[in-house]
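> Chains A and B, in that order, give the protein sequences. Just so we're aligned: 79 in our numbering is position 16 of the first sequence, and the numbers increase by one with no gaps anywhere. Just so we're aligned: 415 in our numbering is position 352 of the second sequence, and the numbers increase by one with no gaps anywhere.
These are calculated hints, taken from the structure and not from any lab test. Treat the hints loosely; a few may be bogus.
It does not matter which identical chain is used: a pair holds within one copy or between any two.
[What the hints assert, rightly or not] Keeping only pairs whose Cα atoms sit at most 30 Å apart, straight-line, the calculated BS3-like set for lysine-lysine is:
1) K161 - K92
2) K349 - K92
3) K349 - K161
4) K351 - K92
Protein chains: 2
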Amino acid sequence: MLAGPEAAMSALATAEARIAEARIIEGGKAVRLTWGDGGAARFHAIWLRDNALDPETRASGNGQRLIAIADVPDDITIAAARLTEAGGLALRLMPEGKEIVFAADWLGARVYDRPARNRAGWTDNSLIRWDRRLGAELPGGGYEEIRSSRQALGRWLASVRRYGFATMSGLPRRSGALLEVAELFGYVRETNYGRWFEVRAEVNPSNLAFTNLGLQAHTDNPYRDPVPTLQILACLENDVEGGESIVVDGFKAAERLQEEMPEGFELLSRHAARFEYAGAEGVRLKAKRPMIELGPDGELIAIRLNSRSAAPFTDIPYDRMQAYYRAYRRFSALIADSTLEVRFRLQPGELFIVDNTRVLHARTPYSGAGRRWLQGCYPDKDGLLSTLAAIEAEGGAG
Amino acid sequence: MLAGPEAAMSALATAEARIAEARIIEGGKAVRLTWGDGGAARFHAIWLRDNALDPETRASGNGQRLIAIADVPDDITIAAARLTEAGGLALRLMPEGKEIVFAADWLGARVYDRPARNRAGWTDNSLIRWDRRLGAELPGGGYEEIRSSRQALGRWLASVRRYGFATMSGLPRRSGALLEVAELFGYVRETNYGRWFEVRAEVNPSNLAFTNLGLQAHTDNPYRDPVPTLQILACLENDVEGGESIVVDGFKAAERLQEEMPEGFELLSRHAARFEYAGAEGVRLKAKRPMIELGPDGELIAIRLNSRSAAPFTDIPYDRMQAYYRAYRRFSALIADSTLEVRFRLQPGELFIVDNTRVLHARTPYSGAGRRWLQGCYPDKDGLLSTLAAIEAEGGAG
Numbered sequence: 064m065l066a067g068p069e070a071a072m073s074a075l076a077t078a079e080a081r082i083a084e085a086r087i088i089e090g091g092k093a094v095r096l097t098w099g100d101g102g103a104a105r106f107h108a109i110w111l112r113d114n115a116l117d118p119e120t121r122a123s124g125n126g127q128r129l130i131a132i133a134d135v136p137d138d139i140t141i142a143a144a145r146l147t148e149a150g151g152l153a154l155r156l157m158p159e160g161k162e163i164v165f166a167a168d169w170l171g172a173r174v175y176d177r178p179a180r181n182r183a184g185w186t187d188n189s190l191i192r193w194d195r196r197l198g199a200e201l202p203g204g205g206y207e208e209i210r211s212s213r214q215a216l217g218r219w220l221a222s223v224r225r226y227g228f229a230t231m232s233g234l235p236r237r238s239g240a241l242l243e244v245a246e247l248f249g250y251v252r253e254t255n256y257g258r259w260f261e262v263r264a265e266v267n268p269s270n271l272a273f274t275n276l277g278l279q280a281h282t283d284n285p286y287r288d289p290v291p292t293l294q295i296l297a298c299l300e301n302d303v304e305g306g307e308s309i310v311v312d313g314f315k316a317a318e319r320l321q322e323e324m325p326e327g328f329e330l331l332s333r334h335a336a337r338f339e340y341a342g343a344e345g346v347r348l349k350a351k352r353p354m355i356e357l358g359p360d361g362e363l364i365a366i367r368l369n370s371r372s373a374a375p376f377t378d379i380p381y382d383r384m385q386a387y388y389r390a391y392r393r394f395s396a397l398i399a400d401s402t403l404e405v406r407f408r409l410q411p412g413e414l415f416i417v418d419n420t421r422v423l424h425a426r427t428p429y430s431g432a433g434r435r436w437l438q439g440c441y442p443d444k445d446g447l448l449s450t451l452a453a454i455e456a457e458g459g460a461g
Numbered sequence: 064m065l066a067g068p069e070a071a072m073s074a075l076a077t078a079e080a081r082i083a084e085a086r087i088i089e090g091g092k093a094v095r096l097t098w099g100d101g102g103a104a105r106f107h108a109i110w111l112r113d114n115a116l117d118p119e120t121r122a123s124g125n126g127q128r129l130i131a132i133a134d135v136p137d138d139i140t141i142a143a144a145r146l147t148e149a150g151g152l153a154l155r156l157m158p159e160g161k162e163i164v165f166a167a168d169w170l171g172a173r174v175y176d177r178p179a180r181n182r183a184g185w186t187d188n189s190l191i192r193w194d195r196r197l198g199a200e201l202p203g204g205g206y207e208e209i210r211s212s213r214q215a216l217g218r219w220l221a222s223v224r225r226y227g228f229a230t231m232s233g234l235p236r237r238s239g240a241l242l243e244v245a246e247l248f249g250y251v252r253e254t255n256y257g258r259w260f261e262v263r264a265e266v267n268p269s270n271l272a273f274t275n276l277g278l279q280a281h282t283d284n285p286y287r288d289p290v291p292t293l294q295i296l297a298c299l300e301n302d303v304e305g306g307e308s309i310v311v312d313g314f315k316a317a318e319r320l321q322e323e324m325p326e327g328f329e330l331l332s333r334h335a336a337r338f339e340y341a342g343a344e345g346v347r348l349k350a351k352r353p354m355i356e357l358g359p360d361g362e363l364i365a366i367r368l369n370s371r372s373a374a375p376f377t378d379i380p381y382d383r384m385q386a387y388y389r390a391y392r393r394f395s396a397l398i399a400d401s402t403l404e405v406r407f408r409l410q411p412g413e414l415f416i417v418d419n420t421r422v423l424h425a426r427t428p429y430s431g432a433g434r435r436w437l438q439g440c441y442p443d444k445d446g447l448l449s450t451l452a453a454i455e456a457e458g459g460a461g
């Protein structure tokens with residue numbers, strides 16, 4: 064049985080994590096390793112050479128690779144393989160005659176000799192899909208603690224990675240405070256809406272978000288490519304009737320669609336929708352992307368849904384359009400299903416963050432009496448995940 | 064014969080652009096239109112209703128849709144279809160009893176009843192793939208003209224859309240001038256490298272870009288998701304030996320790969336590579352994306368290639384890894400092929416811009432004598448294409 068990376072990783076804590084046997088196979092084109100716990104995996108000579116960790120292959124300071132694939136001989140083979148005293152792997156590669164060494168745990172964490180994932184719509188184990196029961200205890204934290212403790216920051220960021228959603232309380236009640244939150248982990252992406260934008264009822268609004276109408280659950284700016292990957296919405300005032308916030312896990316809704324209408328899931332992922340926005344002078348944003356985006360290996364990587372900015376779909380063949388609309392209708396209904404909705408009321412000094420590639424947000428309509436004033440901005444997810452990975456590497460977060 | 068959108072569009076200039084006949088088909092689920100030039104296309108009732116242009120369906124100011132798909136009856140049919148005096152289409156839809164009207168050219172530009180594109184790796188007609196012959200006359204313009212003429216700006220932006228590359232001369236020779244160029248069309252994305260960054264030889268560099276080593280043709284930051292979509296590199300000083308700039312059309316290289324090694328094109332597009340960068344404290348960027356990224360309909364949408372930041376590939380099945388490496392080696396060789404390289408020397412006061420999802424850039428090594436000082440930044444492509452579309456809608460650009 065070939066071990067998956069998790070199996071190999073979990074074995075690291077034990078003494079069985081050492082490599083017990085290394086056998087050259089395929090005439091030197093690969094090596095088969097057996098770990099002390101019985102797990103096994105094959106690695107190719109070319110993969111091992113390309114990923115060698117010696118200072119001539121990798122810059123010691125920044126870890127960048129110093130060789131290109133053209134520098135690796137095409138006819139590379141493993142001439143000798145032996146185990147190191149620490150239970151790692153030492154190899155001699157021909158024709159270079161180069162000796163390279165790997166630790167057992169480094170290889171165990173990078174096993175690629177394992178069954179392929181076949182089911183479209185899979186996601187990494189670190190993501191937890193959720194429904195309205197998440198509302199019983201919203202993932203979140205307090206600004207002061209998160210700002211002053213790297214561990215608390217790590218926990219909060221890990222919630223965003225896991226759920227695509229988190230709240231924060233105890234913010235300074237001043238305009239622009241949301242930017243200080245974004246600066247804790249990354250960078251805000253400026254757009255035609257500015258570095259941040261006001262969300263309150265406007266006269267002659269350029270966007271329906273700037274009215275007191277209810278907004279159906281949606282992802283922001285699907286007409287933008289790249290789409291905003293995160294959104295923060297922070298509350299400065301909210302004493303209107305209504306104006307509640309709703310979040311929905313689009314990955315959970317996609318899972319339900321796949322269960323009850325597999326051909327609908329396929330239609331929304333195999334064909335691109337179109338989105339556009341031309342609501343302000345000099346702005347004509349357009350994008351062509353699927354509502355359910357999969358990576359080449361079927362990994363679910365993004366959801367886009369926004370009836371306000373959906374443009375005429377012109378990339379679905381005629382004989383599938385009717386079925387495409389059925390799938391779109393069902394997916395929209397699942398997203399509006401109350402069993403998936405987490406509903407809460409933002410108070411002044413509170414914010415929420417969503418992964419805009421996964422979690423949809425909505426608001427209920429509100430009355431003109433009283434005031435509702437939110438501010439929003441779009442930080443990017445690369446910075447958030449990078450900061451979280453750095454904190455985890457320091458041994459922080461959970 | 065069903066008319067493609069281009070055929071319908073080009074017919075618009077003539078009197079034959081009027082709709083000549085509208086026939087209800089499929090029991091009212093669709094209508095078949097014949098234009099005066101003989102082109103024909105079918106449209107579904109649900110598609111027509113969803114895309115109605117009346118002020119109850121679309122906000123008159125910003126054009127956003129005011130209805131959701133749930134508001135459209137599931138059993139919608141076309142009860143009556145007639146031609147308007149202007150040669151457009153008027154429909155009565157049941158059970159709503161709603162009357163909607165479309166202009167002939169609006170429908171002609173949105174035909175979806177056409178043969179599907181089957182070949183993986185296609186791109187829009189507005190893109191032109193190029194090789195080293197583009198070097199005979201680099202697409203570009205002068206800063207003063209582009210800044211002062213909206214038409215000149217439109218022409219320059221259209222070059223970037225078409226070739227994924229353009230140059231600009233006559234820039235003010237002051238630090239940060241590149242941001243003024245970005246502001247002409249969009250917004251710069253701030254990253255861990257700042258809003259812009261210095262590219263010159265550093266002591267203890269955090270990135271090999273900041274040395275005097277040659278850099279193989281690469282796309283920037285493939286370890287970032289979303290990846291930077293544009294890069295500007297502006298020159299402030301360059302009196303070293305060497306230090307020439309090279310650009311390569313990654314879409315052209317992908318086309319060559321597909322021609323000579325179709326299975327290699329498939330491997331690089333069907334499996335995700337991994338990239339990472341952890342060269343500075345607190346930064347651990349990682350991404351999992353294919354080297355050749357296709358949309359769900361096979362459209363070529365992005366190239367990622369960077370040997371320095373390629374991480375161990377762990378998402379290619381064991382039995383395809385050897386072939387994957389062969390494809391990667393060949394793709395890298397094609398990108399380094401001199402028949403694809405456009406080579407030039409940036410002078411102080413000049414810059415170039417690349418579409419970082421398409422065009423790779425490189426530099427030749429340079430000697431320590433003299434100085435080479437460039438500044439770089441990452442604007443986003445959504446803003447560029449939006450500004451270009453707005454200029455085109457005003458009747459500018461070419």
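> Take the hints in turn and mark each one as holding or not.
Verification of the supplied hints:
1. Taking CA atoms no more than 30 Å apart as the test, K161 paired with K92 passes inside one copy only; the shortest distance there is 15 Å, against 69 Å between copies.
2. In this assembly of identical chains, the alpha carbons of K349 and K92 lie at most 30 Å apart only when taken from different copies (29 Å versus 48 Å within one copy).
3. Within a single copy, K349 and K161 get their C-alpha atoms only as close as 52 Å, which misses the 30 Å cut-off; across copies the closest is 29 Å, which meets it.
4. In this homomeric assembly, K351 and K92 come within 30 Å of each other (Cα to Cα) only across copies, at 26 Å, whereas the closest approach inside a single copy is 43 Å.
The structure shown violates none of the earlier numbered hints.
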